[in-house]
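Asker: Sequence:
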Amino acid sequence: MSQITKLNLDDFIQDQFKNNTEMVVRLNDGSIIFVDEQALDKNKMSDEGCSVKTFGVRYRVMSDDMKTVTAQYLIPNEVLSLAKTRGKEFAGLKLPVGILTNDQTPKFGVWLKIYPNFQQIGTNDRGEIILRDRKDFQPMTGAVINSNNTIIMGRAERLVTRLSKEDSSLDCAEADAWLKAFKILDNKDTLIRDYLCAGIKYCHKGNAPYLNLTTDVNFFDLQDKEMLDLRSIIQSRFDKINRTIPNVKIRSVINLPKTEEDFKSILSKLQKKGSSAKELGLPESYSDSRFYDPKNNTIASSNFVLFVPLAELPDEITITTINTDYHGEVKSRGVLSPLMAILSLVNVISAHAGSGVLSQNGTATTFTGPTGTGKTTATSFFAEKNEKFRRQELRRRYEIILKKQHSDLSDSDFQAKVDEVVAGVGILCQEDWIEIAEGDDGKWSFWPTEKSMYARTGGFPGLDFILIENEPMLENALADFGASGCKKYLGKVTHEFFPERIFYEPHWGHLLYDRSTRPISAHVFLERNAELDFFAKRVSAKEAVEYLLVGRTPSGKYEPMYNAYPDFSGFLMEHGIIGPKLVEAYAKAKAGDYSVIGAGNADTGKAVFEKLDIQLQLWEKSCEVTPPFIVNGAPGLFITQDVNWLLSEMPDIFDNWKHVTLDDYKSFMEKEFGVTYGPKGEWTHIEY
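Numbering that gives the first Met the number 0 applies: residue 0 is where the sequence shown begins, and numbers increase by one.
Hints in this document: simulated from the structure, not taken from any laboratory.
Even for Gly, the Cβ is constructed at its ideal location relative to N, Cα and C.
Be a bit skeptical, because a hint or two may be false.
To be verified - What follows is a set of in silico ranges between Cβ atoms, one per label pair, in the way DEER data are often shown:
no.	residue 1	residue 2	range
1	Asp654	Leu227	40 to 48 Å
2	Asp654	Asn600	43 to 51 Å
3	Glu671	Asp28	25 to 33 Å
4	Gln13	Lys580	40 to 48 Å
Stated by the list, open to error - Calculated cross-link-like contacts (lysine to any residue; reagent style SDA-like; alpha-carbon spacing at most 20 Å):
no.	residue 1	residue 2
5	Lys384	Glu419
6	Lys187	Gln270
7	Lys665	Phe637
8	Lys556	Glu573
9	Lys248	Leu169
10	Lys268	Asp188
11	Lys271	Pro282
12	Lys239	Gly438
13	Lys164	Ala176
14	Lys164	Ser264
15	Lys605	Arg161
16	Lys179	Lys239
Full structure from sequences and hints, please.
Answerer: Rendered as structure tokens:
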């Protein structure tokens, strides 16, 4: 066996196929990463006493009726090491079954975006991965049940800020012209979806079927009572400033030509259908398009937004997205960015945050942080009902707490009390975006924005139960192509691709969930920085705002206010005015110099400052009433969720959480609750 493992796959490629790039896919130095098995000399393999399985993992492709094998491919074992050390060389390579991508953040690794005609059926008794070559599919269809792939899997390449309503109107006019053109070419009506988000009305029109579907799943119907009640509250706030509530119109156009040749081809097809560019309002030359990027000579994935001071916000805010059907991008730039601007007018915080109930008083704890710091985990960790050990551990702790508070109760009454308390703790409210508003009593509460959850699939609580019982919609479920470093997962969709997202509908019941508005008792700002000298600490309102302004991400980069969504954040990030530079620019703007924060343009800088400043002021005001905490998630997942719970339930211990080190915290949890942790912050006091 040791001799077999040293065999070189290249020695078993038939001579006539060694340089056939379609049959044998190689890296630049000749390393083989994918093989059509027709290129293999299987007689030689037999003579050497080894099988195809010796060299890697096989894809067996079956016909649509699953009766005929139409192709067999081999992913060599060497991919496991090559993908870890030379991932950049894999990016963009086209295989017979899909396209490779190299995901750099936060986990380095290579993944395979399987072509839409292939469906991953499973693994047979021989360890082969079965792909069905189906006839019925759409361009966005993904490899596993109810999954969809998007044109891009992250932020659009361009964010274009229009400084006048006239400029923005011209963008809208051209977008409408393209939609008319595609209606003619595709013989399909433009898709329109009306919905509510945090009480604000949205109209989404475009030619991207996937976005028409996701907005329906993620946001609220126009007649949703919860949203209409919230809208009436918002209306009363706008009445006080004597203006109507603005609404938002999003235009999403995909399939715009990437080249001059493609542009001419579209015009030619329109002419054959009896129409013309002039008649429709399209540009007569490619470079005349308002969406054309002269730096790259193409129409790239882009967002076009009206960027004006808050006082100049029109009654209808328009956003145009081009060549992207990624829901996360449209949700952020199209939905949540204008939402922040609108509600800033009536002193409401829009936060890239989640909220959950983690204390017996029934109030909410908010969790604010950039993607990857654990907002979803923080809100849902104790809410998961299928993996019962988490809820059982929570109950065990409350038995200890309540025994001290209710020592006079009989055993039966005590257990009933524990049941009552635990039923109201560990409840997920919202996991990605919330509105935070001050009430007439001076207390701050959160408002919901999303009907369903749109969250990272990897690590989602109870994922196995959800996938098998509900068939949720998945986005960008790519196959492992060496990312895990484990042959067991090679070639399979594992749901660990970091950009993969799940749409979870709370009525499925896997999580304890209640998105109704409720008061907030703690603000937690999530960091993940091993260099910090504390695990958790309560900070002043001013210090909390300083953390927000800097917005450090787990990778050491910066997102203003932990939030890349708003238009002003996008502008600041595009121009590199972030982190310490933003702190300096913000200070100058407060002193009246807007040029630095506006990247040299004082008028733009004033608008940027105004939008940023009002949110920071509101955060500071809220943190003066609601205690803010910084939690450093570097020590591990379980221990971080525990500290989130403990500061919510016991906000006065550790000298009001002045400066709690990891050792301080571990010592307290072991003494008070018998909880111990392993090297990665995992629980070691119970089996699970």
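Asker: With reference to the structure, classify each hint as holding or not holding.
Answerer: A quick look at each hint next to the structure:
1. Asp654 with Leu227: 40 to 48 Å: At roughly 46 Å between Cβ atoms, Leu227 and Asp654 fall inside 40 to 48 Å, so the hint holds.
2. Asp654 with Asn600: 43 to 51 Å: 47 Å, holds
3. Glu671 with Asp28: 25 to 33 Å: Violated: the Cβ-Cβ distance is about 58 Å, outside 25 to 33 Å.
4. Gln13 with Lys580: 40 to 48 Å: 58 Å, violated
5. Lys384 with Glu419: At roughly 16 Å apart (the allowed maximum being 20 Å), Glu419 and Lys384 satisfy the hint.
6. Lys187 with Gln270: 18 Å, holds
7. Lys665 with Phe637: Holds, at roughly 12 Å.
8. Lys556 with Glu573: Holds: Lys556 and Glu573 sit about 13 Å apart, inside 20 Å.
9. Lys248 with Leu169: It holds: about 14 Å lies between the C-alpha atoms, which stays within 20 Å.
10. Lys268 with Asp188: Given that 20 Å is the threshold and the Cα spacing comes to 18 Å, the pair holds.
11. Lys271 with Pro282: 18 Å, holds
12. Lys239 with Gly438: 15 Å, holds
13. Lys164 with Ala176: Holds - the C-alpha atoms of Ala176 and Lys164 are around 18 Å apart, at most 20 Å.
14. Lys164 with Ser264: Violated: Lys164 and Ser264 sit about 32 Å apart, past 20 Å.
15. Lys605 with Arg161: Holds. Lys605 to Arg161 sits at ~15 Å (cutoff 20 Å).
16. Lys179 with Lys239: 41 Å, violated
Violated hints, in rising order: 3, 4, 14, 16; the structure is consistent with all others.
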